[in-house]
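With the sequences and hints as input, model every part of the structure.
Below are the chains, spelled out letter by letter.
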Amino acid sequence: MATEPSPTTSAPSPPFDSTELAEIESEAASRIDAAADIEALEEAERLAVGKRSRFALLYQQLRSFDPAVRKGGGQQLQELRRRLDEALERRRAALSAEERASRLLEDRLDLTEVMSSPLQGHLHVVTQVREELEDVFVGMGYEVAEGPEIESDWYNFEALNIPPDHPARSSVDTFFVDSGQAETLLLRTHTSPVQIHLLERGRLPIYAVVPGRVYRRDTPDATHLPVFHQLEGLVVDRGVSFGDLAGTIETFVPAIFGASVRSRLRPGYFPFTEPSAEFEISCAICDGSGCRTCSGTGWIELGGCGMVHPAVFEQTGVDPEEWSGFAFGFGIDRLAIMRHGIADLRLLVENDVRFLEQF
Amino acid sequence: MRAPLSWLKAFTPLAAEARHPDSLQELSESLDSLGLVVAGIEHVGEGLDEVVLSQVLEISPIDGADRIRRVLVDTGDGRTTDVVCGAWNFEVGDVVPFIRAGGELPGGIRIEKRKMRGVTSNGMLCSPAELGLAGDRAGLMIVARPGAGQPPGLDLGLAMSEHLGIGHDAVFDLEVEANRPDCLSMSGIARDLAAHYGLPFEVPEQDVRFSPGSSPAGDLGSVRVETPELCLRLTARVMRGVAVVPSPAYVQRRLTLMGMRPINCVVDASNYVMLELGQPTHPYDIEQLGGRGLVARAAHRGESIVTLDGETRFLGTRPVRGSDELTSLDCLICNANDVPVGIGGVIGGQASEISDRTTSVLLEAALFLPVAVARTSRSVNLRTEASLRFERGVDPEGVERASLRVCQLVAEAAAAAGLPAPELAPGLLDDAPATFARARVIVRPERVNALLGTDIGAEQMAGLLGPIGYLVAPPAEGVATSSGDAGAFEAVVPSWRPDVSREVDVIEDIARMFGYRKIPPTERRSPYVGRLDEVQLLRRRLRRVLAGLGAHEAWTSSIVSPADQARAGLSEDLVRLSNPMVAEESVLRAGLMAGLMAALRHNSGHRRPWLRLFEVGDVFSLVPLLAGNGREELLLPDERERLALVLALEDDDASSAVHAWRVVQDALGIVGVAIEQGDPEESSRGALAGLHLARSARICMPSPEAGGADGGAGNGSPAGDGSPGGGASAESILVGTVGEVDLDVVAAFGLPHRRIGWLELNVNRLASAPRRPVVVAPVSRYPSSDVDLAFVVDESVPSYRVEETLRQAATALCESIELFDVYRGTGVPDGRRSLAFRLRFCALDHTLNDAEVASLRRRCIDAVEGALPATLRG
Ligand SMILES: [Zn+2]
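Those protein sequences? They're chains W and S, same order as listed. Note that the working numbering numbers the first sequence so that position 192 is 192, with each residue one more than the last. Note that the working numbering numbers the second sequence so that position 874 is 874, with each residue one more than the last.
Derived by calculation from the structure, the hints in this document are not laboratory data. Hints are not guaranteed to be accurate.
[Unchecked claim] If we take Cβ atoms under 10 Å as the criterion, some of the chain W residues that face chain S in the derived model are:
id, residue
1, Ser102
2, Leu123
3, Glu151
4, Thr219
5, Pro220
6, Ala222
7, Thr223
8, Gly243
9, Val318
10, Pro320
[As the list claims (entries may be wrong)] A few chain S positions that, by computed beta-carbon distances, are all more than 12 Å from chain W:
id, residue
11, Thr80
12, Asp309
13, Glu553
14, Val587
15, Val822
Glycine residues also receive a C-beta, built at the ideal position from the N, C-alpha and C atoms.
Right, here's the structure in full:
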């Protein structure tokens with residue numbers, strides 16, 4: 001009790017002994033922090049703020065206090081309660097995190113101990129190169145044309161300005177199909193017969209590429225297969241020039257081989273083109289300075305090309321004075337082996353899965 | 001074609017030097033740009049600087065040695081030196097090549113100082129072969145033989161390279177295209193180079209004296225062409241008093257560089273001129289010829305001759321095609337008594353070969369028809385330097401000059417050996433049934449520039465053509481040119497260019513001499529939008545879907561063995577090759593199974609048996625397909641594109657194949673194509689060849705009326721698949737097969753697998769199969785109800801029939817039908833099984849009530865029980 005009359009303006013001092021309050025708080029806090037699981041925490045909560053707790057007793061005392069001091073006492077208890085609740089909440093969150101962590105740990109999977117199951121299959125490297133080539137030419141506005149693998153002598157040779165007894169026939173060894181008639185049906189030796197089919201179709205102008213399988217009677221070795229693939233190009237339009245051919249090759253070579261690869265032409269010979277040319281690309285391995293791949297020349301021979309021979313137009317009823325055109329062709333398999341450093345063409349047909357799955 | 005730089009320089013003063021790699025590189029680029037591709041450059045003669053002339057002073061035996069002797073030589077540097085030598089063809093006084101120990105021979109052999117039987121050898125005396133000159137290896141090269149004790153007559157100590165006039169040399173290995181026979185000769189190559197560099201060009205001529213001939217050629221022999229279809233011109237010259245001696249060193253050297261063996265001055269001269277001018281000739285020993293004359297005629301069937309190489313060759317044995325009997329015959333050269341003495345344009349006979357004893361020579365120079373020589377050479381299976389040149393075409397105006405040049409070289413050899421010149425009988429024996437006229441071509445400069453994309457003036461064109469032999473003049477009066485071709489000129493084609501006959505050929509020559517690489521590249525744009533067609537797109541999607549199933553793409557050969565095809569059940573209607581490379585691989589594949597089985601076997605052999613593989617490619621069968629192009633009516637074998645997938649993972653079987661098909665079908669949006677499984681007993685092999693008949697089925701789609709919608713190439717026969725009765729049913733079209741490879745086939749290929757799943761599709765037909773509609777069906781927002789129905793169904797009824805019946809009964813309210821359980825065993829009678837389906841019902845506009853669902857359920861049960869031998873399972 002105050003010995004001196006207190007002035008009405010001064011607030012009465014708080015009724016609860018702060019030492020006791022601190023003692024209650026620290027006792028509860030240590031119990032809360034010690035709670036090892038949710039149940040223990042609930043017990044700690046009950047002991048701290050439950051009906052029979054010291055905190056509850058103090059609250060009952062509050063009612064007996066003088067209204068003047070009751071307010072201060074209330075504030076003291078509320079403050080204590082808030083701090084106890086905070087401690088409880090902190091502990092509850094910590095326990096919940098621990099519990100979730102241990103639940104996850106129980107569910108742990110070692111992702112590196114997973115056993116393999118079959119993966120995506122791989123397209124043949126020749127298919128991949130062929131599709132890439134098709135896409136380049138489709139992008140240039142070309143159609144992709146195809147033709148049969150069994151051809152007649154007329155389509156494979158005669159219409160292409162290679163009459164019987166032409167020296168070009170003996171230089172290519174042809175498989176003939178046993179049709180009862182000597183040497184009239186054969187396995188096409190190049191994709192060029194499709195040029196004739198396209199010209200016969202009569203829809204001009206023509207902007208087409210022809211990928212496909214061709215056959216030559218070559219003994220298989222590292223650089224020859226009797227069955228292989230070519231891509232042929234044919235453009236027929238009004239006013240097509242040799243310069244257009246050179247320009248077209250300059251367009252598709254970097255698109256296929258990379259921006260830094262250049263191309264060039266030199267005279268060649270094909271009965272169905274005149275002028276004829278061989279086209280070379282700069283060696284991507286040494287960038288033109290000369291290496292083993294390009295036999296030190298800096299250039300790699302890629303394929304043949306030239307202006308469509310007027311005799312070919314005449315054979316198919318197209319007027320060579322009105323229309324002109326160019327054709328080009330190269331080996332898809334050769335391109336694949338060049339690109340991927342495949343040492344032996346025969347690997348392409350061996351179908352060894354250890355080879356196939358590398359592409 | 002080999003081309004030594006030194007020889008090319010005999011025609012035109014090229015700047016390149018064998019010692020300077022940069023100059024060779026430059027020349028090589030020029031050859032390339034002319035279309036003469038340099039496949040390689042060989043450096044020769046580098047060792048000859050260290051080989052010097054020496055004179056033999058003494059030859060003495062070595063104690064205890066009977067194969068080697070001690071030789072004392074004067075090496076010209078004021079010294080004499082001892083050499084141990086194993087050759088026996090020389091005598092005291094001879095001038096011979098000597099190389100001192102420490103020196104290196106051509107070819108990189110280093111000569112060491114050696115001691116043999118107590119005698120020190122300080123070097124080596126050399127044979128021609130050791131110097132890279134000629135074939136002789138046994139004896140020394142005798143440079144001169146002045147006699148014992150005589151002055152050598154030559155500068156001892158002089159390097160052989162200087163003595164022979166040959167130093168370092170570079171030999172270009174050129175690839176000559178078939179249309180440039182003129183470049184199968186040194187003069188032809190040199191002419192192109194001279195034109196390219198703007199240098200003078202001249203074929204060297206020798207001023208050689210012959211002894212005056214007493215009799216004209218006509219008195220000594222005769223020539224006659226009996227078959228002008230084989231030979232256009234036959235000429236001969238007669239030489240008498242010929243000394244058959246070795247050729248001058250430069251001739252031997254050049255022949256050796258070209259890869260030919262020097263033999264004697266007559267044979268060498270003939271070969272030399274062939275290489276120099278491109279015209280093959282053939283010398284006969286008149287005394288051995290039999291009849292003193294030559295006849296060119298077609299060989300009779302079965303005639304034979306022993307040729308220079310000692311082989312007996314039979315002619316006229318090839319089957320004759322049709323009516324062109326004459327032109328398909330072989331060309332024979334006979335003597336005046338009609339006895340064969342040579343095969344025209346290919347090789348001479350052994351009997352009249354030039355020998356050491358020959359004194360009189362009949363020199364044949366002819367123009368054989370290229371096709372005749374090509375056929376003859378193929379017929380006797382012999383290609384020679386001569387046949388190669390005749391096949392491509394020799395210069396019709398060069399015959400006389402070439403044969404005279406041969407005679408000159410023979411005379412030169414005699415002079416070099418200090419012997420009297422031979423006698424050349426005056427006159428040329430000549431029978432020419434056909435005369436040659438140079439082609440004349442009208443060239444329109446406008447056309448040239450339009451085709452090349454250039455802007456070359458007419459003058460410049462003439463300037464490019466002149467140096468390679470064209471005669472360019474304004475067109476003669478009356479020569480018609482097409483409208484408005486002012487400035488057109490006439491180009492007379494050089495006689496050695498059989499490949500040039502029309503304007504475009506001349507345009508190529510203009511382009512070549514102008515330089516292909518100088519023609520400016522221009523842009524040419526397609527007016528079209530490029531895109532793949534239906535089949536191409538489908539093929540790409542198929543490949544990716546199959547790869548997604550873990551299958552790798554294989555590529556197997558289309559040329560296969562009939563035995564392997566038979567192993568895969570395909571032995572009928574195989575397309576055979578008439579000229580297979582190996583007898584076993586003689587047919588075209590009729591299916592993809594054999595190739596894929598072989599691929600599995602290969603991988604099994606490398607411990608990778610468990611895998612999936614697929615292939616896309618054409619297969620062939622003899623069921624003919626009429627190819628009508630208006631021009632010819634040919635029966636082509638049937639060729640169609642197939643896709644096949646083998647599933648050979650450890651648990652794979654027919655179910656994996658069905659799953660794969662469903663994935664394909666779904667990915668491609670194909671609808672209305674069904675698996676139609678027949679009774680194994682009734683299944684003819686047909687489309688199911690090689691498959692397990694009880695675990696495989698056809699995949700079919702309904703026919704869109706009277707065929708015709710097959711689409712694409714290679715779809716010949718109608719419903720079937722190449723064999724009668726192959727179709728599943730009259731109104732459906734076979735799209736493919738699915739199931740399992742026949743266990744016997746698996747065993748026949750020696751595979752370790754128990755079961756291998758199989759899916760095969762006809763790519764073109766698949767492309768024409770119906771697809772999911774473009775307009776989507778709406779999706780309900782109301783809850784759905786499931787109805788599970790299990791039926792006990794006779795084994796003879798395929799599950800899909802039940803499913804189809806349910807689908808029809810379930811009305812549009814049915815969202816999905818799924819087979820979720822198949823049960824055989826307790827509670828289900830033998831010969832039947834229980835099939836459990838889950839049907840999900842849903843309406844677009846309301847939630848279905850119990851009564852509605854019950855009614856649908858009843859409908860479905862009644863439909864199945866009514867239509868099929870099936871009962872609802874209790
Ligand atoms: Zn390189």
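Now for the hints, and whether the structure bears them out:
no.: 1; hint: Ser102; verdict: 38 Å, violated
no.: 2; hint: Leu123; verdict: 5 Å, holds
no.: 3; hint: Glu151; verdict: 9 Å, holds
no.: 4; hint: Thr219; verdict: 7 Å, holds
no.: 5; hint: Pro220; verdict: 9 Å, holds
no.: 6; hint: Ala222; verdict: 17 Å, violated
no.: 7; hint: Thr223; verdict: 14 Å, violated
no.: 8; hint: Gly243; verdict: 3 Å, holds
no.: 9; hint: Val318; verdict: 14 Å, violated
no.: 10; hint: Pro320; verdict: 8 Å, holds
no.: 11; hint: Thr80; verdict: 47 Å, holds
no.: 12; hint: Asp309; verdict: 21 Å, holds
no.: 13; hint: Glu553; verdict: 4 Å, violated
no.: 14; hint: Val587; verdict: 9 Å, violated
no.: 15; hint: Val822; verdict: 26 Å, holds
Checked against the numbered hints given earlier, the structure breaks hints 1, 6, 7, 9, 13 and 14 and satisfies all the rest.
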